[in-house]
Every structure is written in structure tokens, then in C-alpha cells.
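In case you want the letters, here they are:
2 protein chains.
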Amino acid sequence: MADQVVKALVFDVFGTVVDWRTSVAAEVDALAAKKGWTLDGVEFAMRWRSLYAPSMRPVRRGEAPYRRLDDLHRESLRTVLQEYEVSLGDDELEHLNKVWHRLHPWPDSVPGLTRLKKKFILATMSNGNVSLMVNMAKFAGLPWDTILGSEPARNYKPEPVVYLTGADWLGLDPSQILMTAAHNSDLQAARDLGFKTAFILRPTEYGPNQHKDNEAESDWDYITNSMEELADKLGA
Amino acid sequence: MADQVVKALVFDVFGTVVDWRTSVAAEVDALAAKKGWTLDGVEFAMRWRSLYAPSMRPVRRGEAPYRRLDDLHRESLRTVLQEYEVSLGDDELEHLNKVWHRLHPWPDSVPGLTRLKKKFILATMSNGNVSLMVNMAKFAGLPWDTILGSEPARNYKPEPVVYLTGADWLGLDPSQILMTAAHNSDLQAARDLGFKTAFILRPTEYGPNQHKDNEAESDWDYITNSMEELADKLGA
Numbered sequence: 069m070a071d072q073v074v075k076a077l078v079f080d081v082f083g084t085v086v087d088w089r090t091s092v093a094a095e096v097d098a099l100a101a102k103k104g105w106t107l108d109g110v111e112f113a114m115r116w117r118s119l120y121a122p123s124m125r126p127v128r129r130g131e132a133p134y135r136r137l138d139d140l141h142r143e144s145l146r147t148v149l150q151e152y153e154v155s156l157g158d159d160e161l162e163h164l165n166k167v168w169h170r171l172h173p174w175p176d177s178v179p180g181l182t183r184l185k186k187k188f189i190l191a192t193m194s195n196g197n198v199s200l201m202v203n204m205a206k207f208a209g210l211p212w213d214t215i216l217g218s219e220p221a222r223n224y225k226p227e228p229v230v231y232l233t234g235a236d237w238l239g240l241d242p243s244q245i246l247m248t249a250a251h252n253s254d255l256q257a258a259r260d261l262g263f264k265t266a267f268i269l270r271p272t273e274y275g276p277n278q279h280k281d282n283e284a285e286s287d288w289d290y291i292t293n294s295m296e297e298l299a300d301k302l303g304a
Numbered sequence: 069m070a071d072q073v074v075k076a077l078v079f080d081v082f083g084t085v086v087d088w089r090t091s092v093a094a095e096v097d098a099l100a101a102k103k104g105w106t107l108d109g110v111e112f113a114m115r116w117r118s119l120y121a122p123s124m125r126p127v128r129r130g131e132a133p134y135r136r137l138d139d140l141h142r143e144s145l146r147t148v149l150q151e152y153e154v155s156l157g158d159d160e161l162e163h164l165n166k167v168w169h170r171l172h173p174w175p176d177s178v179p180g181l182t183r184l185k186k187k188f189i190l191a192t193m194s195n196g197n198v199s200l201m202v203n204m205a206k207f208a209g210l211p212w213d214t215i216l217g218s219e220p221a222r223n224y225k226p227e228p229v230v231y232l233t234g235a236d237w238l239g240l241d242p243s244q245i246l247m248t249a250a251h252n253s254d255l256q257a258a259r260d261l262g263f264k265t266a267f268i269l270r271p272t273e274y275g276p277n278q279h280k281d282n283e284a285e286s287d288w289d290y291i292t293n294s295m296e297e298l299a300d301k302l303g304a
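In order, the protein sequences belong to chains A and B.
The letter at position 187 of the first sequence is residue 255 when you use the numbering used here, and the numbering goes up by one with no holes.
The letter at position 8 of the second sequence is residue 76 when you use the numbering used here, and the numbering goes up by one with no holes.
The hints are simulated quantities; they were obtained by calculation from the structure and are not laboratory data.
One or more of the hints may lead you astray.
Intra- or inter-copy, both count: the list cannot distinguish identical chains.
[To be verified] Simulated pairs of lysine-lysine, DSSO-like, Cα-Cα distance not exceeding 27 Å:
1. LYS186 x LYS166
2. LYS187 x LYS166
3. LYS206 x LYS187
4. LYS166 x LYS75
5. LYS75 x LYS185
6. LYS187 x LYS103
Chain A with its partners taken away, still in its complex shape (with noise of 0.2 Å):
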């Protein structure tokens, strides 16, 4: 594989440009207030996503056919409103789900962001749906150029198919792409494919004692602390 220059970055987003933990603990804290409910929004959004790996567990050996994430999303919130010992009516349920169509961006990834769009085609390769991702990005101004990642593939990454399909749809050689996460596992699957890597530490993804992804675990591309010094590496 000829070792090209980049032309396009695709990222991961739950975690790497929006801080999922933050916007759904808030908007859970708020419901809770209004409803009466005793608990804690933190350890609610925690709890829900400590889910999302299970779910897509199926899809990604095969033993259930693909849905899409909104659709894993409410049955697991269906379970954590279960242990709560709470309920919601059907479209309070279904608003709730979509808190993930709503998740703020971490300070530095829309200015970020909009320097490197300059400079190369911007992708999603997220495990989001693509409604969930054009939401999102409505919500948080985050200038894509389109959506890749799950829904295309039919499948969730770390699944080989995912970027690769990414790649396929965009025309290019994986080692022209830039894959950005803040999480190594990533990384490591879209290298072993010939993409390019670009970490970015986000430290209190999971909190204030997070105690995973906290370093770049191998010589990543490009290993940085936000999605502007990353801008600056690339020279957008």
C-alpha cells in the first residue's frame, strides 16, 4: 500500500468530539427534578452507557441482524429506567433516547474542526446512525462534510467492514484517511486496515478517575491534547 497524504479524517465522536457523560447526566438531572425521581443524572448516563458495548455485541458476531444504535439505545434505556424503578411515558421515552441526537461538543472540537474542514474532508466513523449523527450535528454545529461509520456498513466498529466501507464510499486508500479517536482500541483496528491515527486525550471522558485511555498506548500518528493541536499538527 502506497503510503499517501492524508486527504480525508474520519472520527469517532461519542467521547472524541462531544462529551456524551456531561450532556446526558444533565438532561437526565433535569427530568429527574421535574418528575420527582431521586437520583443522580451522572451515575444514570454512566449506567446506560455502560450498556452500549452489550448491545452491539450481537451484530458484531453475527448473531442478530443490524439496528441501528437509537433503537439498541432504548432498550437499554428500558433497562436502566427498570433498575431506577422509574417509567416514562412513550414519548417522554423517546425523547429521552435522543438525548444522544444532543450531545454538546467538547470546547475545543467545533473551532477544531472547522479549521481542518479548510484543509480535508471531514467524516463521522461512529457507531451513531446517520439521524443521529446529522442531528447531533445540527445541535452542536459540527461541520461535517458527511456521514460514515455504522449505518452504511450495517454493522458497528470495531468490525473490519465499518471503515472500510468508510473508506470505499470516499474513494480513497485507507492510508489516505486519518482515523481520530480518543480511544486506543480504535485506533488500533483502523491501523491494521492501513489508515492513518490521530489520538486525542480526552481525560474526563468518563470522569474525573477514568482509568482507561488515559495515554496514547502506541506510536499513533499523531498523539495530541484537543481537536485544535491537532489542527495545528496538520498545518490547517
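With the hints as your guide, set chain B onto chain A.
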């Protein structure tokens, strides 16, 4: 189907948003001058485009597997070059084939889309493949939120699956989506599926003597002369 408020606009692109005829002709004329060919760039462009609909037909009829438009364009280009009794090296042919990635917008397209983007989700609903649409957007400054259309559905308009896959990926009912095109047949196909419709008159898409799509042939929801007029009518 509920008559709901429009949330997203999806666009035909060739002819509706960009002026393929003069864009292709200009590059062909420049190449002809360089090569010493005696030919007319506009005629060449028109002949190349005339092979567009026939090239998609076997896919639409299910007689051939999906191939992306770049590949159909390349096959048609080889035919046209043979007809003109001229030839190109592989790299030159590939570069000329990608002239469809470098089409110039009509003067009102970028200002109109920029206004519309503040109020609506904007996506392509074109037969162009994803990389063609992404590269054209970078070249022409088209502010799409995402690329939909033929490649996600692995088929070509006016097959219903192309429009319906787009609606499904946006998580919207067709009645929440405004299909925008300069071609009456495209709007009819979308209306038949429940989409809202907007006609933009492009009276010189095929040159000064254009003899089709010179007027709205049905009572489309919006009938306009430019993207900016559409933005006016939608309060964007």
C-alpha cells in the same frame, strides 16, 4: 400519512444545483486545445451526458448489479472518445472522468443553500456516488449535512428505494422531506412516495434551446426560479 412540517430538504444535484454542461465543456475545450483536437466542448459534454440515462438502466431494471456513477461515467467517456476518434492515457482519462467532481454551481446555489442550511437539514438525493458528491461539495462550496442518494441504496433514481433509503436514514417520514429538483420526473417519483416537492426552473441546463423541464408540469408544493427564491418561500 400525517402532513408534517418539513425538517429536511433533499436535492437533485446535476442540473439543479450545478451546471454540468458548461463545466464539462470548459474542461473538454481546454484539454482539446492542449491535445490539438478539433472538437466542440459543449457537444462533447452533451453527448457524454446523453449516455447517462442508458448507462443506469440495467441497474434500475435489476439486469446488472449496482456500479457507482464514476464507473458508468468512465464507460460512457470511453465510448465518446472513440466516437471522436481521440484517445487519452489512463491517468488523463481518470482525470477527465472526474470532471463530474468539479462542476460549478449555478450562481444562486451556494447563497441559497447557505440560508436554507440554517433552518433545515440539507442532503443530496443524487445519482452521483458519495465521493463524487463529497468532492464536488468541497470544490463548489456546497454545504450539505450529509450525502444520500444512489450509493446508500445501491440503485438509481427514480427507483423508489433510493428516495426511501434517504428518508429512512434521516429518520423522517417522506412528508417531512422536501425533494428539490429542476426535473419534473424526479419530483413526480418523490411525490408518489409521499415527499413534498419543490421545482427550480433551470432553463439553460441543456443550453439555449432546451426543450424539456422548461416549466413546472404539476402543482408542486413550491415552484421557483432559484435556490434563493426557494429560501425566501421557506422563510430561511
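These are the hints, each one checked on the structure:
Taking the closest pair of Cα atoms, LYS186 and LYS166 come within 27 Å of each other only across two copies (21 Å); inside a single copy the shortest separation is 30 Å, beyond that limit. When the C-alpha separation of LYS187 and LYS166 is checked against a cutoff of 27 Å, the pair qualifies only between copies, where the shortest distance is 20 Å, while the shortest distance within a copy is 32 Å. For the homomeric pair LYS206 and LYS187, the shortest alpha-carbon distances inside one copy (21 Å) and between copies (9 Å) are both at most 27 Å. Taking the closest pair of Cα atoms, LYS166 and LYS75 come within 27 Å of each other only across two copies (16 Å); inside a single copy the shortest separation is 32 Å, beyond that limit.
Taking identical chains as interchangeable, the C-alpha atoms of LYS75 and LYS185 lie at most 27 Å apart whether they share a chain (11 Å) or sit on different chains (25 Å). In this homomeric assembly, LYS187 and LYS103 never come within 27 Å of each other (Cα to Cα): the closest approach is 47 Å inside a single copy and 32 Å across copies.
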